[in-house]
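In terms of this note's numbering, the sequence shown is residues 1 to 128.
These are computed hints drawn from the structure, not numbers from a lab. Keep in mind that a hint or two might mislead.
Straight-line Cα separation of at most 20 angstroms, SDA-like style, residue types lysine to any residue; simulated pairs [unchecked claim]: (1) Lys58 with Ile23; (2) Lys111 with Lys33; (3) Lys94 with Thr120; (4) Lys108 with Tyr62; (5) Lys33 with Leu119; (6) Lys33 with Glu92; (7) Lys52 with Arg26; (8) Lys58 with Val72; (9) Lys52 with Gly99; (10) Lys58 with Thr120; (11) Lys111 with Ile23; (12) Lys108 with Ser64; (13) Lys111 with Tyr62.
Here are the simulated distance ranges between beta carbons [to be verified]: (14) Arg26 with Asn67: 26 to 34 angstroms; (15) Lys108 with Glu30: 32 to 40 angstroms; (16) Ser118 with Gly79: 15 to 23 angstroms; (17) Val89 with Ile116: 12 to 20 angstroms; (18) Lys33 with Asp109: 33 to 41 angstroms; (19) Asp66 with Glu92: 28 to 36 angstroms; (20) Ile112 with Asn67: 27 to 35 angstroms; (21) Glu92 with Asn45: 32 to 40 angstroms; (22) Gln29 with Thr102: 28 to 36 angstroms; (23) Lys58 with Asn22: 15 to 23 angstroms; (24) Asp66 with Ser123: 39 to 47 angstroms; (25) Ser27 with Asp66: 27 to 35 angstroms; (26) Ser27 with Thr71: 28 to 36 angstroms; (27) Gln29 with Gly110: 17 to 25 angstroms.
Note that beta-carbon positions come from the ideal geometry of N, C-alpha and C, so glycine has one too.
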Amino acid sequence: MKIHKYASILILSLFLSIEGMNITERSVQEGEKFILYLPNVDTSNISSVEWKQMERDKLLAYISLDNATNTVIFWQRSGLEFMANGSIVIQEVKEEDTGNYTCNIIFKDGKIQTNIISLTLYSGRFFC
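Please model the complete structure; the sequences and the hints are all you need to start from.
Below, the structure written as C-alpha cells:
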C-alpha cells in the first residue's frame, strides 16, 4: 500500500483546529530594534510557537514553550533574539526585514491561533 504525502496532511488537520487569525500592521525606522510580540495569551497553555517570514518563505523559529528551557528548535538568520515568552527581537531592521510575518501559536489542546504582523519601514525624515 502506497501512502501519499497528502494523507499525512489530512490526518494532521483532523487533530488541529484553527482558533482565529489576527492581522497587525507596524512601521519602524530602518536600523531600529523591533519586537515581534507574541499576542496577549496565557503562555501556560502554549505548547509551541512557529514564526515565519511569509514573502521569503522562511521559517525563522519553532520555539517549544512546553518545557522549562523554552527551547528554540530552529532559526534561519542572525540578528534575531528570542524572548522567553516566544516573541522575537529584530536587532537592526533592514529593508529585507519588511513584509508579513506569521506567528502560529499551537496550544496544548491542539488549537492553533494564527497572527500576521505586517512590517513596513518609514524614513524618519519629514518635509513640509
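Verification of the supplied hints:
A distance of roughly 19 angstroms separates the Cα atoms of Lys58 and Ile23; the hinted pair therefore holds under the 20 angstroms criterion. For the hint pairing Lys111 with Lys33, the CA-to-CA distance comes to about 31 angstroms; that exceeds 20 angstroms, so the pair is violated. With a CA separation close to 10 angstroms, the supplied pair Lys94 and Thr120 stays within the 20 angstroms bound. As the CA atoms of Lys108 and Tyr62 are separated by approximately 15 angstroms, the hinted pair is consistent with the 20 angstroms bound.
Distance hint between Lys33 and Leu119 is fulfilled; the C-alpha atoms sit about 12 angstroms from each other, no more than 20 angstroms. Simply put, Lys33 and Glu92 have alpha-carbon atoms about 5 angstroms apart, close enough for the 20 angstroms limit, and the pair holds. For the given pair, Lys52 sits about 16 angstroms from Arg26 by alpha-carbon distance, which is consistent with the 20 angstroms threshold. Of the supplied pair hints, the one linking Lys58 and Val72 holds, its CA atoms being roughly 15 angstroms apart against a limit of 20 angstroms.
The suggested pairing of Lys52 with Gly99 holds, with an alpha-carbon distance near 11 angstroms, which does not exceed 20 angstroms. For the given pair, Lys58 sits about 18 angstroms from Thr120 by alpha-carbon distance, which is consistent with the 20 angstroms threshold. Between Lys111 and Ile23 the CA atoms are separated by roughly 18 angstroms; this keeps the pair inside 20 angstroms, and the hint holds. Distance check on the hinted pair: Lys108 and Ser64 sit about 11 angstroms apart at the alpha-carbon level, within 20 angstroms; holds.
About 16 angstroms separates the Cα atoms of Lys111 and Tyr62, which keeps this hinted pair within 20 angstroms; it holds. As the Cβ distance of Arg26 to Asn67 is approximately 30 angstroms, the hint placing it in 26 to 34 angstroms holds. Taken as a hint, the range 32 to 40 angstroms holds for the pair Lys108 and Glu30, whose Cβ atoms sit roughly 39 angstroms apart. Look at Ser118 against Gly79: about 20 angstroms separates their beta carbons, and that is inside 15 to 23 angstroms.
Between Val89 and Ile116 the C-beta distance comes to about 18 angstroms, which sits within the given range of 12 to 20 angstroms. In this structure, Lys33 and Asp109 meet the distance hint of 33 to 41 angstroms, their C-beta atoms being roughly 34 angstroms apart. Distance hint check: the CB atoms of Asp66 and Glu92 are about 31 angstroms apart, consistent with the given range 28 to 36 angstroms. A beta carbon spacing of about 20 angstroms between Ile112 and Asn67 contradicts the range 27 to 35 angstroms that was offered as a hint.
Restraint check, Glu92 to Asn45: a C-beta distance of roughly 33 angstroms satisfies the suggested window 32 to 40 angstroms. The supplied range of 28 to 36 angstroms is broken by Gln29 and Thr102, whose beta-carbon atoms lie about 23 angstroms from each other. Taking 15 to 23 angstroms as the suggested C-beta distance range, the pair Lys58 and Asn22 conforms, at roughly 21 angstroms. For the pair Asp66 and Ser123, the beta carbons lie near 42 angstroms from each other, so the given range of 39 to 47 angstroms is met.
Range check, Ser27 to Asp66: Cβ separation about 34 angstroms, and the 27 to 35 angstroms hint holds. Checked against the given bound of 28 to 36 angstroms, the beta carbons of Ser27 and Thr71, roughly 32 angstroms apart, stay inside it. Separation of Gln29 from Gly110 is about 40 angstroms and departs from the stated range, judged on CB atoms against 17 to 25 angstroms.
Figure legend: structure checked against the earlier numbered hints; hints not met, in rising order: 2, 20, 22, 27.
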